[in-house]
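For the protein sequence lines, the chains are A and B, in the order given. Quick note on numbering: our numbering labels position 222 of the first sequence as 222, and the sequence is numbered without any gaps. Quick note on numbering: our numbering labels position 55 of the second sequence as 55, and the sequence is numbered without any gaps.
Keep in mind that a hint or two might mislead.
What the hints assert, rightly or not - Per label pair, the in silico range of CB-to-CB distance:
{"no.": "1", "chain 1": "B", "residue 1": "I314", "chain 2": "A", "residue 2": "D165", "range": "28 to 34 Å"}
{"no.": "2", "chain 1": "A", "residue 1": "T302", "chain 2": "B", "residue 2": "S17", "range": "56 to 62 Å"}
{"no.": "3", "chain 1": "A", "residue 1": "A183", "chain 2": "B", "residue 2": "L125", "range": "30 to 36 Å"}
{"no.": "4", "chain 1": "A", "residue 1": "P386", "chain 2": "B", "residue 2": "I146", "range": "57 to 63 Å"}
Said to hold, decoys possible - Just so you have them, the derived chain A footprint on chain B, three or more residues with Cβ under 8 Å:
{"no.": "5", "region": "41–55"}
{"no.": "6", "region": "58–69"}
{"no.": "7", "region": "97–106"}
{"no.": "8", "region": "317–329"}
Keep in mind the hints are simulated off the structure, nothing from the lab. Ideal Cβ positions, reconstructed from N, Cα and C, are used throughout, including at glycine.
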Amino acid sequence: MTKTNPNSKRALTAMFLSVAIFLSACGGGAATSTPAPSATATRAPQASSAAPSAAAASSAAASAVARAAAASSVAPSAAAASSAAASAPAAASASAAGGTPAASGTRQVKADNGMITVPANPQRIAAIGNASLPFIDLGGKPLGVTTIQPSLLELVPKEQKAIYDAATNLGPSGGAVDLEKLASLKPDLIMAQMPTADFDKIKDKLQSIAPTVYYGLGTEWKAFADGLAAAGNRTEALAKQKADFEARIKSIKETYRETIANTTFVALDRYDSSAAGVFVVTHIGCVEIAKDEIGLNLPARTAGATEERSFEQIGDLDKYGAILYPVDAAGQPKTAFAPVVGSNSWKALPAVTSGRALGIYCPGNNSYGAVLTYLGSLENALKALPKK
Amino acid sequence: MTTPATNIAVRTPRAVSAPQRRLLGLIAALLLLLALLVLSLLVGATRIPPAVVWDALFNPSANIDQFAVRDYRLPRTMVGLAVGMALGLSGALIQALTRNPLAESGILGVNAGSSFAVALAVGVLGVRDIAGYMWFAFVGALAVTIMVMLLGSTRRGQSSVLMVLAGVSVGAVLTGATTALTLSDPYAFDQMRGWRAGSIVGRPLAMIWPLLPPMALGLVLAFAAAGALNAMALGDDLAMAQGVRLVRTRVLAVAAITILAGGATAVAGPIGFVGLMVPHVARWIVGPDQRWIFAYSVLLGPSLLLVSDILGRIAMAPNEIPVGIVTAFVGAPVLIALVRRRKASTL
Numbered sequence: 001m002t003k004t005n006p007n008s009k010r011a012l013t014a015m016f017l018s019v020a021i022f023l024s025a026c027g028g029g030a031a032t033s034t035p036a037p038s039a040t041a042t043r044a045p046q047a048s049s050a051a052p053s054a055a056a057a058s059s060a061a062a063s064a065v066a067r068a069a070a071a072s073s074v075a076p077s078a079a080a081a082s083s084a085a086a087s088a089p090a091a092a093s094a095s096a097a098g099g100t101p102a103a104s105g106t107r108q109v110k111a112d113n114g115m116i117t118v119p120a121n122p123q124r125i126a127a128i129g130n131a132s133l134p135f136i137d138l139g140g141k142p143l144g145v146t147t148i149q150p151s152l153l154e155l156v157p158k159e160q161k162a163i164y165d166a167a168t169n170l171g172p173s174g175g176a177v178d179l180e181k182l183a184s185l186k187p188d189l190i191m192a193q194m195p196t197a198d199f200d201k202i203k204d205k206l207q208s209i210a211p212t213v214y215y216g217l218g219t220e221w222k223a224f225a226d227g228l229a230a231a232g233n234r235t236e237a238l239a240k241q242k243a244d245f246e247a248r249i250k251s252i253k254e255t256y257r258e259t260i261a262n263t264t265f266v267a268l269d270r271y272d273s274s275a276a277g278v279f280v281v282t283h284i285g286c287v288e289i290a291k292d293e294i295g296l297n298l299p300a301r302t303a304g305a306t307e308e309r310s311f312e313q314i315g316d317l318d319k320y321g322a323i324l325y326p327v328d329a330a331g332q333p334k335t336a337f338a339p340v341v342g343s344n345s346w347k348a349l350p351a352v353t354s355g356r357a358l359g360i361y362c363p364g365n366n367s368y369g370a371v372l373t374y375l376g377s378l379e380n381a382l383k384a385l386p387k388k
Numbered sequence: 001m002t003t004p005a006t007n008i009a010v011r012t013p014r015a016v017s018a019p020q021r022r023l024l025g026l027i028a029a030l031l032l033l034l035a036l037l038v039l040s041l042l043v044g045a046t047r048i049p050p051a052v053v054w055d056a057l058f059n060p061s062a063n064i065d066q067f068a069v070r071d072y073r074l075p076r077t078m079v080g081l082a083v084g085m086a087l088g089l090s091g092a093l094i095q096a097l098t099r100n101p102l103a104e105s106g107i108l109g110v111n112a113g114s115s116f117a118v119a120l121a122v123g124v125l126g127v128r129d130i131a132g133y134m135w136f137a138f139v140g141a142l143a144v145t146i147m148v149m150l151l152g153s154t155r156r157g158q159s160s161v162l163m164v165l166a167g168v169s170v171g172a173v174l175t176g177a178t179t180a181l182t183l184s185d186p187y188a189f190d191q192m193r194g195w196r197a198g199s200i201v202g203r204p205l206a207m208i209w210p211l212l213p214p215m216a217l218g219l220v221l222a223f224a225a226a227g228a229l230n231a232m233a234l235g236d237d238l239a240m241a242q243g244v245r246l247v248r249t250r251v252l253a254v255a256a257i258t259i260l261a262g263g264a265t266a267v268a269g270p271i272g273f274v275g276l277m278v279p280h281v282a283r284w285i286v287g288p289d290q291r292w293i294f295a296y297s298v299l300l301g302p303s304l305l306l307v308s309d310i311l312g313r314i315a316m317a318p319n320e321i322p323v324g325i326v327t328a329f330v331g332a333p334v335l336i337a338l339v340r341r342r343k344a345s346t347l
């Protein structure tokens, strides 16, 4: 609420200087306008949400999944020992965890910008744009990151936020990364996810600083996780997350088969950028996982990714069997959504008074760890849903 | 030479005198506004029967539809009324003061001052809600207008031209500074998007009550300056010859503009065209007398805003278009049609 952004401070200083110049030149009427750096906001709306639960641990298939993950994203490099290419990431990961110096050798990773040759065991990684949190979720510790939307950051688990805060902030977004600052970190690998138009403008400069693996915003989240794990040498962690994910999906589908089959759901959200008095019915973010993986009966996507609704229409939500709304790790409504929950209409809604409005915690929909947390929260909600 | 009988025959259809015509027009404008106030309560994103709307206002109970009326439709209607009055009147004032038919409150830097103050509040202090923006916007508008008045003053007194130039210059600097702040942290400024589009939705009545007394004061100040502004329309020298105190009148007018436009922008964000267009319509109906122009602007301003807001609710239902966008779409063609009439743009 009261956090001061360093970029804002710089802009403020520049602005005060320009105002001072203007005032000093007022007699002559000369006005100096502040040069405005170009920046593009990259925002992937996502569902969010509440009661976090520990992800089920299931590691039996871990090594098999690790090999599958490696095969899907990593191709042997000519420079690397050909026979060791597939299993090298897992071994390198173990040594990286021990803090040993970077192993010599490279491997190739498939990314949206082609087959990229990366160090087998990168030690100095910059994760910019939307790559920051998914890489941290894999257990990575990037040296440099770019600013994450505050409404997303407030939902990230504390330990992951601490890693994010400890990294050097390289700019307000992936497309507006401070290249000089990035170069000064001397990264041996850059991971990036941002709009293609933004990446195209800086890709040559990024490549000149370090090998860069880039994924567009349209990349499916599982493929994105595969790519980041392969490039950042985190395939072992990914394998465990994948195994846990599969197990959790299976468990939820079996345990709540009847509820899932007989209940209509709707997922709501609200963003910092939402106009006052407006919330959205969302079809994207974590709710996609609920629909595609669990099979929840959610409204069909007819128009855009989200559909704006006036607060006046809160009463119309009662036609659904259950309402999913975003909460934080402590189970409190997400800051941007709090006005909806605080409204008289919401409090009077039969779905709310009968316990069919379910706060769901979604720390992210772009990595397995975050999705596992979401699934845990969803499972708790399904368990708490009153029988008809 | 015409006979008396012929005179009577010709005069009969023109029996209504100009003052009577103005008064009848004013009553018609008042009735139009009342009709729009009722329509604003009846029309919305969800269908609510008129009987429920009535009960919501006069037989309240804990019913969701009644909440929709009391918590959303009633406040947005009241905000539309107050903001429309303030924008219409401040537009008429600034056009009279500057003798410029293209002037609106933004020309004194009011919008730029408000936006800059809100950007500071969001970027530096982390303010995240509309209620928080409101006071920063109001203070920003006041501070910038005072600065513009000082910059527009010379040893020989104030000059409308100097004031406008100062307003445009300060506005340009602050707009640049606001853009720089916004680009420095796009995520933080996501929150400002809704406010910058100009909207009267989601402002609870409790939020705007504190601004109503100063806005009422602005209304009184405006009408207090109306007579003197009539004289000033003939030129400063002639006005002084008629005993008008120029500095006092300008200070009164600028104070009223600041309070009215600053208050309106603080509540609703920057809304264009109302302050520009409404005085033109009023002038077209009543001629150059500022007292009548002001009275008409007070009634036509909220009418335009409410029409735009109602259109914004139904044009893309169930989605809504912010009123600030609709006023531009509605206002631009009407203004073009009006300014092509010579009578309409005469000051």
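Verification of the supplied hints:
{"no.": "1", "hint": "I314(B) x D165(A): 28 to 34 Å", "in the structure": "violated (47 Å)"}
{"no.": "2", "hint": "T302(A) x S17(B): 56 to 62 Å", "in the structure": "holds (59 Å)"}
{"no.": "3", "hint": "A183(A) x L125(B): 30 to 36 Å", "in the structure": "holds (33 Å)"}
{"no.": "4", "hint": "P386(A) x I146(B): 57 to 63 Å", "in the structure": "holds (60 Å)"}
{"no.": "5", "hint": "41–55", "in the structure": "holds (count 3)"}
{"no.": "6", "hint": "58–69", "in the structure": "holds (count 6)"}
{"no.": "7", "hint": "97–106", "in the structure": "violated (count 0)"}
{"no.": "8", "hint": "317–329", "in the structure": "holds (count 4)"}
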